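Here the protein sequences come in this chain order: V and Y.
Counting in numbering that gives the first Met the number 0, the first sequence runs from 0 upward without gaps.
Counting in numbering that gives the first Met the number 0, the second sequence runs from 0 upward without gaps.
Keep in mind the hints are simulated off the structure, nothing from the lab.
The list makes no distinction among identical chains, and a pair is therefore deemed to hold if it is satisfied within one copy or across any two copies.
With a straight-line Cα cutoff of 27 Å, these simulated DSS-like cross-link-like pairs (lysine-lysine) come out:
#, residue 1, residue 2
1, Lys-299, Lys-155
2, Lys-288, Lys-155
3, Lys-149, Lys-288
4, Lys-155, Lys-279
5, Lys-292, Lys-149
A quick note: this is a predicted structure, and the numbers were derived from the prediction, not measured.
There are 2 protein chains.
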Amino acid sequence: MYSIGVDIGGSKIAVGIVGEDLQLISKKSLPFPHTGDPMDSIKTICSLISGLLAENRMDIKKAACIGLAVPGSIDYNRGIVIDAHNLDYHGFPLCKLVGECFPGCVVHVENDANAAALGEFYCGAFRGCSSGLLITIGTGIGGGLVLDGKLFVGGKQNGFEFGHAVLVFNGEPCTCGQRGCIESYCSAAALVREGRKAADQHHESMMFQRAQGDLTRINAKLVMDCAREGDVTASAIYQRYTEYLGATACTAIALFDPEIIAFGGGVSNDGEFLLSPIRKYADQYAFFKHHAKIVTAELKNDAGIIGAAMLHLQR
Amino acid sequence: MYSIGVDIGGSKIAVGIVGEDLQLISKKSLPFPHTGDPMDSIKTICSLISGLLAENRMDIKKAACIGLAVPGSIDYNRGIVIDAHNLDYHGFPLCKLVGECFPGCVVHVENDANAAALGEFYCGAFRGCSSGLLITIGTGIGGGLVLDGKLFVGGKQNGFEFGHAVLVFNGEPCTCGQRGCIESYCSAAALVREGRKAADQHHESMMFQRAQGDLTRINAKLVMDCAREGDVTASAIYQRYTEYLGATACTAIALFDPEIIAFGGGVSNDGEFLLSPIRKYADQYAFFKHHAKIVTAELKNDAGIIGAAMLHLQR
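Please take these sequences and the hints and turn them into a complete structure.
In structure tokens, the structure reads:
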């Protein structure tokens with residue numbers, strides 16, 4: 000039995016069909032319609048699903064579920080998106096609305112970081128483990144945690160906000176209003192902030208030169224490229240960045256002691272250049288000496304689709 | 000049906016009988032025998048249990064279990080204490096040894112902070128909740144977490160080390176070898192360290208005066224007493240201390256979102272003087288606005304005994 004996963008992001012809506020062997024059979028996407036009316040996104044979602052099913056000569060009646068992943072907070076009992084700011088969903092009855100287009104089909108909704116963790120659990124980096132933490136490094140920090148084979152959504156089922164644990168007491172301001180959150184030191188945005196700050200102080204640095212003196216041209220890739228090529232300024236920033244990630248891994252090990260910690264998101268594409276210092280830090284400082292394996296996520300951009308399609312196995 | 004709880008600490012071994020109504024019927028304790036031979040503590044434990052049963056005209060055959068709480072790490076599958084440094088237990092088959100004295104009786108072992116959380120769950124501050132975090136402030140920081148009615152002992156079942164999440168990246172050294180752990184800022188020992196440091200810089204302070212210039216006389220109670228009486232130096236230290244505890248509560252809320260957070264240990268006896276600034280901090284900064292109630296633990300010194308006696312309800 001196949002099932003449908005939908006990853007609803009601020010830039011695009013991606014729909015996929017996942018087969019019984021947990022492989023992504025086919026996928027399709029369209030830009031998210033930022034028209035001011037969230038009902039337009041329902042139309043896009045439903046037409047993407049119908050189109051993909053038709054192309055693959057499949058029948059929605061044979062699908063195990065439609066799973067929806069959104070970048071926001073979820074009321075699980077009512078299938079409502081409480082807030083997904085990038086989508087302009089607020090108290091939005093997403094499950095009900097999608098369900099009305101496909102009567103009789105089970106519809107589930109989940110936070111996108113959680114869905115991605117579920118994808119890794121069923122068919123990615125967490126395969127064979129009963130516990131795992133996915134840390135997705137993007138503009139912010141997404142966290143998805145599987146414990147004892149179940150997605151962890153908090154004691155009160157309001158979600159799991161890994162990026163908003165404190166890492167640096169009284170540190171840099173975070174978008175959430177707190178200071179010094181994991182997100183404000185470990186996100187790609189934090190790496191860029193520190194890179195720009197350092198480049199501004201070191202005009203002789205490779206970073207500053209490559210950006211031709213325009214700090215806004217410094218992005219995460221540029222900082223990492225310069226660090227890899229041995230630029231002293233970029234290397235110092237990058238080393239400190241991996242220490243923040245290492246301390247974050249140590250926090251995760253002390254609190255969750257998962258079998259595996261996977262890093263996802265663009266920054267993690269650098270593989271060993273990122274992971275090796277994090278592993279070294281964890282080996283030296285983690286409370287549990289036999290701690291989690293530290294790896295990169297496997298599913299990349301399809302994690303949300305695949306995880307969403309697996310939601311029926313959790314509910 | 001009654002059951003037996005044993006709280007094995009570095010200074011004393013306390014045994015209690017807990018009745019069907021979850022009330023502590025009777026208890027008894029003896030000093031922990033630091034003889035160099037851990038088998039001597041087995042004799043003390045077993046004679047305490049036998050004595051208490053005899054005094055209460057009870058029969059071990061009618062006990063639901065003997066539950067043991069120890070300040071250390073546990074191999075749950077094998078009933079072995081991996082390390083309890085204060086007791087000199089290392090790879091010590093505690094369950095088996097106690098079980099040999101009471102054939103046919105079920106024997107369980109648990110970390111003491113976890114047992115205390117279980118006590119709060121069944122008959123203390125967590126009653127009526129399905130999730131709760133107990134933070135015990137002592138020389139170190141103990142943490143016990145109940146999620147969905149079950150004690151959380153980590154993804155790999157090595158334990159839950161709440162005190163060793165990072166709070167201040169690259170901060171004060173912690174006993175675990177890491178820097179800036181919650182324990183190194185929120186323990187009573189940390190409050191004393193900061194109090195002494197400040198008193199040394201402010202000989203005019205009430206703290207320094209009351210200690211008659213002998214910094215070693217400054218303990219947690221003295222810092223708190225001086226803060227309560229308005230001493231500027233002590234107040235500044237105490238305020239910062241409650242901010243560390245507030246940020247710790249925020250981390251717990253972001254990661255576990257429990258229904259309730261209870262503070263235990265000597266420092267928490269101060270009730271509102273401690274809790275009110277922590278609540279204010281959490282109200283301002285916690286990621287989830289409808290966050291955990293923040294209270295003091297209820298069971299005090301009996302938490303370990305009562306929680307240990309409840310272990311049969313979890314296994």
